[in-house]
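Spelled out, the chains give:
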Amino acid sequence: MEYSSKIRFAVSCSSNMNRSMEAHSILKKRGFNIESYGSGTQVKIPGPTIDRPNCYEFGPTTYEDIYSDLLKKDHQFYLTSGLLNMVDRNRRIKARPQRFQSETREFDIVLCLEERVFDQVVDFLNRRIGSTGNPVHVINIDIEDNPEEATVGAFFVSDLCAKLEKCDDFEEEIDQIITDLEETNPKRNLLHTICFY
Amino acid sequence: MSYVIHELDDDLESATDRIGETLKEAREAETIDKKIVSLSTAMHLLCAPNISNYTLDNFLTEMLEFADLNDSRIICLIIDFLLKASAKDFTVCNKAVERYSFYLIPNNQIAKYQSVIKRVVVASTNLYPIILEYAINDKDVQAERCWEAFNLMKSRICMLVDNDHEGVRTVTVKFLEALILCQSPKPKELDPKSVWAIEANTRFHKISLTDVPRNHRFLSYHKAQLEAEENFSALLKQTSFTGITSQNLIAVIESLCIITRCRPTWENALPRVFDVIKALHSNVPPMLSKGQVKFLRKSFKYNLLRFLKLPASVPLQKKIVTMLTDYLGASSREVNQSIPQELIQRAAPRPPPNMEPAAKRAKLTNQIFDDDDDDDEPGTSTTKDARTQAIDMTAKFILERLNHETVLNLVKISLYTLPTEMPAAFASSYTPIANAGSEPNRQELAELMAVQMTNKEIGPGYEWLQQKKKKEYEARNKARSEGIAIAPTPHHEPSTGRMSMKAPAPVEKPTAVSQQKAKKAFNLVEETEKLTREEAADMFDLAFESVLLAERRVVAGGAKSDYQKLVVRLATRFWEDCSPYEEKLVSFVLKDHKRRSDLALLWLCELYAQYQGYSNCALRIKEKIENNEGSTQAQRLERYDHAMCRILDSMLERNMEKETLFYKILLETPLLTPNATERLKNACLAKENEHGMSMLRELILTRNRQRPQLLQFLFGLCFLDRPDLRTSCIDTVKELCNLPFIRSSLSDQARMQITDCLEATPPIYMRKDQRNTEWTEEMYKNAFAVYSILLPSDPLLLAPLAHVYSQGNGVLKRIILRTLEPVYRQLSQEMIQTLIEDCPHGAETLLARLVVLLSERVMPSIEFVQKLKNFHDERKMDLRALLPIIGGLPKDEVFRLIPAFIFKAEYQKNVSILFRRIYSVRDPNTGESIFDPVEIITEYHKIEAKDDKEAELLVKHLEYLFDATHLKPDIASQAIETIFRWDDVPFLFLHSLYHLYRKFKFDSFVANLFYKVTEKRMYQQSERWKQAFHTCIKELKTKAYPAVLCLATWEEYEELKALLGKEALADFKAIYLTLSTQQQKNMDEKIKEELHDKERENRDRDRRLRREERKEKDRTEKERVNHFQVARVNYTMGWPRKPGRTRTPLGLSSIIFSHFFHEIHRNSLIFS
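Heads up: the protein sequence lines correspond to chains A and B, in order. The UniProt record's numbering numbers the first residue of the first sequence as 1 and each following residue consecutively. The UniProt record's numbering numbers the first residue of the second sequence as 1 and each following residue consecutively.
These aren't lab readings, by the way, just hints derived from the structure by calculation. Take these hints with a grain of salt, some might be off.
So the derived label-pair ranges between C-beta atoms look like this [claimed, not checked]: (1) A:Asp169 with B:Gln866: 55 to 61 Å; (2) B:Glu342 with A:Asp180: 46 to 52 Å; (3) B:Glu421 with A:Thr184: 18 to 24 Å; (4) B:Ala436 with A:Glu115: 24 to 30 Å; (5) B:Asp326 with A:Glu115: 19 to 25 Å.
Glycine included, C-beta positions come from ideal geometry on N, C-alpha and C.
Just need the whole structure built from these sequences, with the hints factored in.
As structure tokens, this is what we get:
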């Protein structure tokens, strides 16, 4: 809702499969106003070898499609690697992977889970022709792209969101919250900027 | 077709119904969330393109009412709604601005109100272009009001840049960005398909200052631009605050970069912003954390890469690239990808000047100029070259010594200066240099150090430079001492008598030197011959013309400003009479006035500089003046004025007064001469004078020093015989008086103008015909036209007006009183009170008039009344001045005033007003009459007349005392009864009686009182009483007669009869008949006898006797006839006839008579 009393969060990784969906799942359970996205050009997930990833198009492809495709390609392999479980979780959260650049909705805070994603998001927001001029805070938190790190990272993101949500006015305190987190978590590569819709 | 229309109508109806329903749902919803959902739907429906503005207008108030719920989220929604509605329908803008201004006021009652303020600022940012468009398209009063209100709000928003709240500050920065983009001109050369256009495409690209017409009625182009410039500078300054937070710094930098991308050449934006980035990079604010510094660098890199796409970045390209690659970690590939193909070519080694692309032409300066064969300023290039050489020399010196040992020593020394802790910025800004220690690196380092050393004036290069300069100086002096004329130095030598006779051409052969031998080496000095004056002049002419013709080439080479300087100097400095060159220059400028306006301005600036003695040329003139040669300052001013008028005249001849150059000359030259103002007059007098008036307005706004003269000029236009011109002047004054900084000048000027009215003859500017030296009413009226606009809002203007009034002649006084009357009605009580305190002698009547007009509108305060009363007593003023404030005076005072008004001859005409005011003045709080009318009437009757004249006046003014329009009949009767009950009833009572009778038609009341007065024989008290008695009888007539007949003695009766005339007797007799028998019995016998009508009695008796005789006669006749008839019947038929049925002629006549008699009788009764 546009005039929500809660902060409108968006979380974005590259493919909207692992890190952002893990964060989406946890944040949703904890009652945040959250959406998740990918900022890459394609939905890319590991394939049988490192140079043969499975690629899907953002938009028409649903998680259901990906699930069926993986089942069809190599059921056992993707079950063992945990990918099938991941897609299964995703399809229970929302229908399809979404690309951040195709979204018209406005958010208060966009959490990027990798510096490259952060750059893409900031670049997109700065290059688009402005519409409403509402401010949006973009924050980078580095999370390695594997299921374990995604879970740990999602809790970190959730803690950050909880701190922000608790503020009377998050814009007043966001600077301090991020600086404090940066000191305690130097490896998370916390970056923060403000863009305008 | 009709089907489609019906369908559309149905759609609209259903949409309207839906909106209504949604709003109803919103009203009935229990939670704020539900209300927001419904309101959001209603908002989208209302702002949809298919909904008419009429429907929007219908639901507007209903929507806005939801803001009263005092919930920040709903207010935010309303703010967004107003924005969308304004975009859809411009007329909503007024409402939006009004609401936004209200919401900007902090409200602690509402939770999270900061979000509302933020939303207002964001919405105002979006509203900015909409309102600007509205103001440009609709120039009506509504749009003007909206623009003014928005300007007020704008200044309030701009102040939020220092707000305590971080988020508010951030959105305010974005607002400033919108302000700057909307109020700065869009680059003309922007090709919509270019890379630059893509970079410059923001949501504010649709409208800019370029769209504002110069002659706009209320939008000042100049002011808007000035505002944008100031805000741009303020934004730049923001970056240097050490306490700035990361979020705000990023917002400011992003905004500056957006502005730079959209307006790279405006206000030198690109180099200035680049400098800011450089400065910030080397001096990062200390509060920033590691991550923040990292992002800052990222932002610099990102923006600098985008700058490379702009054509305007070409001159800075090298610096930007160096910064990107060496300090911001950009790869060469990234950099190369960012530079568009066409700009890479420009950055490549320079092609011949005429092949230069346009964008670069404008930017390149001296380099190309110096490389050309136009070495007019060899000194500059030499110095510049020498300096480069010096740096090279030092660099070479350093490079030779930049070995391991020296570097090691330098590092050791620098270790002592290192800080104890590593600065946060260092780690992030540190870029490892890949080629450290390599030859190019050493070279670069040596160059960097050489620049620093030369700047610090150390190193072998600098020493060499000093030596070189010294040598040059000595050589020049030596040559001079040998009589050689040295060509003008770069710091331009002034024109002098001698110089003006000679060509500025470089070298002149010394007269003593003869032809040299062939074997001798070539010597320029020896080989040259002295030119004759004619030759020199011809050459100068040719040179000047060829310089003029070289314009295109020079501009292409990017040396436009140098070129303009050269042309101007050639045209102004070298001859005593420069007019031929100036004439050429004027026609040259006018051939392409749009591009050459700068040249024209530079020319005039040069002449101004010469006039003031600022230019070097003028120094020489100064020397000459000391020797009584050359032109004086006055002559130089005349020259400047002449030049300015010449170009303006040329433009007017060609009907070019609407061109920008005309405007620029008037607006941007250092001094506007009176003659130039006369040229402006031509533009103002034209039929379509909007442009002229707009120029005049801008001039008044911008030329502080000359504002009084310009205002006098503006005021002077009011005196011309052109009502339309007067109206536009007055409109301009109205606009100007809203600006606080003009206001005082306007007031001063207006004051001076009305003071001029006291002169014996009208000043020249007021005269239509210069020969006319007599004041006319029209002149006076025109002189007060402007004053009347300023007066209501400026309390200080009233005193000067009073002063002029006090000194002025009768006509002037009358004009001041009459012409300004509508204005007086607008003056406040406080203003008039101030005048009471400081009223000049002679202006009492003006004050009295002001008080009258004030009292018609408001009830004067007690303090006001007191002050006026004191003033009145002090000045012994006319009593009439107290009339307007009579309601504020104490009762006793008013009672004392009444006789004064009644008896003094000069106040006679005002007695009616006095009583009208006394009766009508009411207490403002209770609405009841302040004075009791009964009391006033009784007090009036207490007034004692000293003589007959006074008594007469007292009687005369009873007319006004019993004013039927203000006095109720019962009040009047009550008052008169009260007076009658007094022991000592005044003679006036009887006069009052008949006035009452006349005005209120009291019949019996008056007759009764009169009867009582007569009964008591009051009229016998005095002669005055007796007269009153007689007058009263005369007036009351039949109402007084019964009393007179019943109570008067025979003598009195006789006296009255004589007084009233013969006609009265008939009335007396008639009245007598109506008196009762008792009354008749009590009457004076003589009177009774006289009134008793004997003739009538006799007449009646005769009539009765005649009647009886007739009856007797009839009876006898009847008997005779009966007898005859009976006899006849008996004779013919033997049957007698009934006597009653017989009709005889006599019987008929008796019936007619009887009828007639009845009539007479009835008439006589009526008559009696």
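Practice problem: Confirm or reject the claim that B:Ala436 and A:Glu115 have a C-beta distance inside 24 to 30 Å. | Solution: holds, 27 Å
Practice problem: Confirm or reject the claim that B:Asp326 and A:Glu115 have a C-beta distance inside 19 to 25 Å. | Solution: holds, 22 Å
Exercise. Go ahead and decide if the range 46 to 52 Å is satisfied by the Cβ distance of B:Glu342 to A:Asp180.
Key: holds, 49 Å
Exercise. Kindly confirm whether 18 to 24 Å is satisfied by the beta carbon distance between B:Glu421 and A:Thr184.
Key: holds, 20 Å
Quiz item: Does the hinted range 55 to 61 Å hold for A:Asp169 and B:Gln866 at CB?
Solution: Given range 55 to 61 Å: holds, Cβ gap about 56 Å.
Of the numbered hints listed earlier, not one is contradicted by the structure.
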